[in-house]
Amino acid sequence: MQDMLRRYGFGLTLAMCLLVTFWLVVLVIVPNITLFEQSFRPYLPVVEIGGPRDTYSFANYLKVFDGNVDKSLFGISFSIPVHVYTFGLTIFYSMLVTLICFAMAYPLAYYMAKIVNPRSLPTLILLLFIPLWVSEVLRAFAWWIILAFKGPLNALLMGLGLIEDPIRWTNMGYTGVVVGLIYTYVLFMLFPIYNGVQSLDTNQIEAAEDLGAPWWKIHWRIVLPHSKPGIASGSVMVFMLSAGSLLVPSILGSTTSQWFTQTIDQWFKDALDWNTASAYAFLLLLLCTVFVSVAMWLFKVKLSDIAK
Amino acid sequence: MKNTTSAFTRRRFLQGSAAGAGILAAPAIISSKALASSGELNFVGWAGYPLFTEKVFATFEGATGIKVNFKELPDQDTMFGEAKVAMEAGGIDLIEPTIDRVGAWDSNGLLGAFDESKLAMDNYLPGLADGAAGVRSRPGGVLKYVPSVWGTESLVVNTAEAKLSTPPSLGDLFSPDNSATLRPHSALAAMGRWLDATGQLPRPWMDGYTDMGAMVELWDIALAKAVEMKGNVVQWWSGENEANAGFTANGATIGLVWDSTGFNLRNDGYAYIAPVEGAIAWHQGFVITKNAANVDEAHEFVKWVSSPEGAALWATAFSANPVGKGASDFMDPEVSAFYNGTFNDEALSKLWWWPDQSAEFLAKRAEYADKYKAA
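Residue numbers (our numbering), protein chains in the order written: chain A, 525 to 832; chain B, 91 to 465.
It should be emphasised that the hints constitute simulated quantities derived from the structure, not laboratory data. A portion of the hints provided could be inaccurate.
Below, a list of computed lysine-lysine pairs in the BS3-like style, where the Cα atoms sit at most 27 Å apart [said to hold, decoys possible]:
1. B:315 <-> A:793
2. B:320 <-> A:674
3. A:793 <-> B:454
4. A:674 <-> A:752
5. B:174 <-> B:161
6. B:320 <-> B:454
7. B:315 <-> B:157
8. B:315 <-> B:440
9. A:793 <-> B:145
10. B:161 <-> A:793
11. B:208 <-> B:415
12. B:380 <-> B:161
13. B:320 <-> A:793
14. B:315 <-> B:253
15. B:145 <-> B:393
16. B:454 <-> B:208
17. A:826 <-> A:741
18. B:315 <-> A:595
19. A:587 <-> B:454
20. B:157 <-> B:174
21. B:454 <-> A:595
22. B:393 <-> B:174
23. A:793 <-> A:638
24. A:752 <-> A:587
25. B:157 <-> B:208
26. A:741 <-> A:752
27. B:253 <-> A:674
28. A:793 <-> B:174
29. B:393 <-> B:380
30. B:320 <-> B:253
31. A:595 <-> B:208
32. B:415 <-> B:145
33. A:587 <-> B:320
34. A:826 <-> A:674
35. A:587 <-> B:315
36. B:393 <-> B:415
37. B:174 <-> A:587
38. B:161 <-> B:315
When you get a sec, could you build the whole thing from the sequences and use the hints?
What follows is the structure, encoded as structure tokens:
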């Protein structure tokens, strides 16, 4: 604070503090608190709001346990609330997306940081960035076109004689959603890992090679541990963005896929019940945060590591 | 979560700054409103129909001198949201929902009443504003809804590839021989009506719309049957674009979709046909908000849409059917021909109007749609 005052003077410092306060309070804290407060109240006709039935309860949150469906997994049949089931699948497929993003991003990040000629690096980064400039809607919709039953992918595969009948790519469970999410969010994994690997001293890798370590051991013992904070922040970002994405699952979803955000959206728009929708939104936020914290604890990553 | 949060704050920011600008400009806005009290109407209607801004409102302004401030929204759930906000903020006079929602809107306390002496109730075609529809338009005994346009949701079939029973039936949607594009809650209602017509239900399907106990009993049966036959559904749709793409890009051979989809695909090898159980029909119309500021203008506007010319323009804009007597003389002949090709007098008499659906019903219906999608 003293430093800021000395550097910018009183007026400018005050302006900056006020702007930051305004941003946080009006644009982040107040809307979230409003939604949080709404989530504990029942959905009532406008005329009854504030009336005797308008009381606080956990009823909206408990609705997630309503409506069982019968499912079977590995031959075991069980009955599970439909929204819990949707939530479980959302978490599972978000994890899958995170894993595949990591598998794709790590080799590329290593290549960019340690192998490629530094002079061609800017071109490479530019090429990677260009898709990020295109709107998320367009990218998801482009994949919808590619995967469509009468779309270019089927035409290509049939033209090459690899398949005889067109395949319904967009109607194979979560395939379309996973493909779309990976394409949309893989760069959020790539750049943190790239930063992590880049800060590793190349001499360490060379020393390991000189001492006869096989390539996989170099990665396992040197590169991976060093880039762990980068991997962690990339994974957290991809996971949270995937689990919270509404657009990609809506556009690329099949007739058997349902994302938890779509359930929230349905509460808002189909059932017109904003209160339950708010409750579900907070459930998603809370449970994802818990999940990520547990995962970070398991992998022994601290928040302060990521901040570095 | 991150992306949704940031979009949210950005929007809040825009709203906040707009509100700020509004406060600064308030004296100007208020005084200009005061000067021009005779000529404005704030109307919230459907997005995606360009003829309104291109022609319809200009024609109305030419006839009456009233300027329509049109706010386009994509679906009536969003309209409901806007109306709720307008209860606090004002700024909306007329909205255009469908008749089956009027009960829910009214029980939420959003609606004001029309003054029938300022309208021309004789202008409407029989069955739209009188009879059962008339009763539904008058919750609590006062007129709160008047029709503006009506249309249907029925079968679009690929004439070359769809396998239809004779006569065509809603059951064809669930036949394993066909690939279908459906929207979940309509599909469940269609399933229920088909089961009802083929005598597979313990009680009439209509009971579910008035009695929540019956609803659960009947929808459980329809859901179980629909899930069993879900294998042939190739795409869900929720709007015009998805429905169209379900046929053209994803190869559906049959679908339960809006008439506008059938109209748009009429020259591409698809036909719009009425099932033997009767096509599903909807009508939409105007409701006036409880705190409407321009009440006289609203009545003038509603009355104009019931006149032959106004009704025809309104229906042409939606590629649907007019509500006013004598409007068919003003209609686009191609749209008229399309409708007459699907609906003869028998099919017209069999139309099944969406019943009223209460807020409680809608919540439960959403749960069934969820289960259907997740199966």
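Hint check:
1. Taking the CA atoms of residue 315 of chain B and residue 793 of chain A, the gap is near 26 Å; set against the 27 Å cutoff, the hint holds.
2. Taken as a hint, the residue 320 of chain B and residue 674 of chain A pair is honoured in the structure, with Cα atoms around 21 Å apart against an allowance of 27 Å.
3. The suggested pairing of residue 793 of chain A with residue 454 of chain B holds, with an alpha-carbon distance near 13 Å, which does not exceed 27 Å.
4. Between the alpha carbons of residue 674 of chain A and residue 752 of chain A the distance comes to roughly 43 Å, so the proposed pair goes past 27 Å and is violated.
5. Distance hint between residue 174 of chain B and residue 161 of chain B is fulfilled; the C-alpha atoms sit about 15 Å from each other, no more than 27 Å.
6. With a C-alpha separation of about 20 Å, the suggested pair residue 320 of chain B and residue 454 of chain B falls inside the 27 Å cut-off, and the hint holds.
7. A distance of roughly 51 Å separates the Cα atoms of residue 315 of chain B and residue 157 of chain B; the hinted pair therefore is violated under the 27 Å criterion.
8. Restraint check: the Cα-Cα separation between residue 315 of chain B and residue 440 of chain B comes to about 24 Å, which is no more than 27 Å; the hinted pair holds.
9. Note on residue 793 of chain A and residue 145 of chain B: the hinted pairing is violated, with a Cα-Cα distance of about 31 Å set against a maximum of 27 Å.
10. Of the supplied pair hints, the one linking residue 161 of chain B and residue 793 of chain A holds, its CA atoms being roughly 19 Å apart against a limit of 27 Å.
11. Among the hinted pairs, residue 208 of chain B with residue 415 of chain B is consistent with the structure: their alpha-carbon atoms are about 18 Å apart, no more than 27 Å.
12. For the hint pairing residue 380 of chain B with residue 161 of chain B, the CA-to-CA distance comes to about 18 Å; that is within 27 Å, so the pair holds.
13. A C-alpha spacing of about 24 Å is found between residue 320 of chain B and residue 793 of chain A, which places the hinted pair at or below 27 Å, so the restraint holds.
14. Between residue 315 of chain B and residue 253 of chain B the CA atoms are separated by roughly 20 Å; this keeps the pair inside 27 Å, and the hint holds.
15. For a cut-off of 27 Å, the pair hint linking residue 145 of chain B to residue 393 of chain B stands: about 18 Å separates their Cα positions.
16. Note on residue 454 of chain B and residue 208 of chain B: the hinted pairing is violated, with a Cα-Cα distance of about 39 Å set against a maximum of 27 Å.
17. The suggested pairing of residue 826 of chain A with residue 741 of chain A holds, with an alpha-carbon distance near 25 Å, which does not exceed 27 Å.
18. Restraint check for residue 315 of chain B and residue 595 of chain A: satisfied, since their Cα atoms lie roughly 16 Å apart, inside the 27 Å limit.
19. At most 27 Å may separate the alpha-carbon atoms for a hinted pair to count; residue 587 of chain A and residue 454 of chain B meet this at roughly 12 Å.
20. Taking the CA atoms of residue 157 of chain B and residue 174 of chain B, the gap is near 24 Å; set against the 27 Å cutoff, the hint holds.
21. Distance hint between residue 454 of chain B and residue 595 of chain A is fulfilled; the C-alpha atoms sit about 21 Å from each other, no more than 27 Å.
22. For the proposed pair residue 393 of chain B and residue 174 of chain B, the alpha carbon gap of about 25 Å is at most 27 Å, so the pair holds.
23. Restraint check for residue 793 of chain A and residue 638 of chain A: the C-alpha separation of about 50 Å exceeds 27 Å, so the hint is violated.
24. Proximity of residue 752 of chain A to residue 587 of chain A is assessed by CA-CA distance (about 39 Å); at most 27 Å being required, the pair is judged violated.
25. Pair hint residue 157 of chain B plus residue 208 of chain B holds up; C-alpha atoms about 19 Å apart against a cutoff of 27 Å.
26. For the given pair, residue 741 of chain A sits about 16 Å from residue 752 of chain A by alpha-carbon distance, which is consistent with the 27 Å threshold.
27. A C-alpha spacing of about 20 Å is found between residue 253 of chain B and residue 674 of chain A, which places the hinted pair at or below 27 Å, so the restraint holds.
28. Taking the CA atoms of residue 793 of chain A and residue 174 of chain B, the gap is about 13 Å. The hint holds against a cut of 27 Å.
29. Between residue 393 of chain B and residue 380 of chain B the alpha-carbon distance is near 19 Å, which keeps this suggested pair within the 27 Å criterion.
30. Note on residue 320 of chain B and residue 253 of chain B: the hinted pairing holds, with a Cα-Cα distance of about 17 Å set against a maximum of 27 Å.
31. Straight-line distance between C-alpha atoms of residue 595 of chain A and residue 208 of chain B comes to about 58 Å, which puts the hinted pair past the 27 Å bound.
32. At roughly 21 Å between alpha-carbon atoms, residue 415 of chain B and residue 145 of chain B fall within 27 Å of each other, so this suggested pair holds.
33. A C-alpha spacing of about 26 Å is found between residue 587 of chain A and residue 320 of chain B, which places the hinted pair at or below 27 Å, so the restraint holds.
34. Straight-line distance between C-alpha atoms of residue 826 of chain A and residue 674 of chain A comes to about 48 Å, which puts the hinted pair past the 27 Å bound.
35. As the CA atoms of residue 587 of chain A and residue 315 of chain B are separated by approximately 25 Å, the hinted pair is consistent with the 27 Å bound.
36. Of the supplied pair hints, the one linking residue 393 of chain B and residue 415 of chain B holds, its CA atoms being roughly 13 Å apart against a limit of 27 Å.
37. With a C-alpha separation of about 24 Å, the suggested pairing of residue 174 of chain B with residue 587 of chain A holds against the 27 Å cut-off.
38. Distance restraint check for residue 161 of chain B and residue 315 of chain B: the Cα-Cα separation of roughly 41 Å exceeds the 27 Å cut-off, and the hinted pair is therefore not satisfied.
When held up to the earlier numbered hints, the structure conflicts with 4, 7, 9, 16, 23, 24, 31, 34, 38 and fits the remainder.
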